[in-house]
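Residue numbers (this note's numbering), protein chains in the order written: chain A, 1 to 65; chain G, 1 to 265.
Worth flagging that the hints you see were computed from the coordinates, not collected in a lab. For every residue, glycine included, the Cβ atom is placed at its ideal position computed from N, Cα and C. Don't take every hint at face value.
To be verified - Derived, one-sided and incomplete: chain A residues facing chain G with beta-carbon distance under 7 Å:
1. M1
2. I4
3. G25
4. A32
5. N36
6. A38
7. L58
8. A60
9. F61
10. A62
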Amino acid sequence: MQLIVNGEPCQTQAVFVLDLILERGLVPERVAVVHNDAIVPATARAQTRLVEGDRVELLAFAAGG
Amino acid sequence: MLNDIDNHDALVLGGQAFASRLLLGTGKFADASVMMRAVQAAGTQLVTVALRRCDRDRPHDALLEPLLSRKDLVLMPNTSGARTAAEAVRAAYIARDLCGSRFVKVEIHPNPHHLMPDAIETYEAARQLARDGFVVMPYMPADPVLAKRLEEVGCASVMPLGSAIGSGQGLATAELLRLIIRDARIPVIVDAGLRSPAQAAAALELGCAAVLVNTAIAVAGDPPAMAEAFAQAVQAGRKAFRAGIMTTGEASATSPLTAFLRHEG
Chain A
1 MQLIVNGEPC QTQAVFVLDL ILERGLVPER VAVVHNDAIV PATARAQTRL VEGDRVELLA
61 FAAGG
Chain G
1 MLNDIDNHDA LVLGGQAFAS RLLLGTGKFA DASVMMRAVQ AAGTQLVTVA LRRCDRDRPH
61 DALLEPLLSR KDLVLMPNTS GARTAAEAVR AAYIARDLCG SRFVKVEIHP NPHHLMPDAI
121 ETYEAARQLA RDGFVVMPYM PADPVLAKRL EEVGCASVMP LGSAIGSGQG LATAELLRLI
181 IRDARIPVIV DAGLRSPAQA AAALELGCAA VLVNTAIAVA GDPPAMAEAF AQAVQAGRKA
241 FRAGIMTTGE ASATSPLTAF LRHEG
């Protein structure tokens, strides 16, 4: 399935949002997820199903002033 | 008397009391160990962080890991990168989901050359976020009218710039800061432009409630030592402000001018 992740096309085996986080080697508690413009809280990631063409943003904190 | 001045002088933001009046930005530090030692030396309790996409080549910022696990620090995510109020509001919600902090530094500067805050978008974002229950700390131009408007929509503080972000040009806006402070009923925090501890002390002497420092500490030869110097300057400036600073005027002798040393006749 193809998604748009952080603005770029991405082939994935992930079924749920949590799968995508783990597939990309990210630490779930350090990542915020925006799925088609809606924030997916940590408690909903294992149940939020991905669909072909979905847009996903994966964000984290970085150093900044 | 001294103890009266030191006690009961917390900085209150969003109903939370902070003993430290030095807020620290986390950008530009060489590594995590230096940053954490600077945080410690600054005695800071409120630190800013930014939000960014998790790239494939750099999924997590290793610099931040020790900071994020410190439970005694309050995180204040910024909305840097946002060019509009809508983007800033979105960033604030994402950041809150990530760390649970109600604090947000609204930061909207669309022009990378001068990094000056967009007053109109900043006002709109601050209004919405304050209404939605965030503790809103807007980075803003040193404009007394805008400061009052931001106070009226429920901001927890205003954070006017001393000079441009990262420029180290100090309190170029001192006269405007004076006007903002005179009318403000919320803490006025100078954000951006401070180069040296003397400038931080001057900001506190002026009546600023706190300062937010990043570059001046992060790029110093010895960041933890500079952080400590800033902390001491902030304490000195605050104490001087509370003690009541003399007004300037004509020459005025500090010793008696009696003529007993002069030989008469």
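Legend entry - Enumerated hints in conflict with the structure, sorted upward: 1, 2, 5, 6
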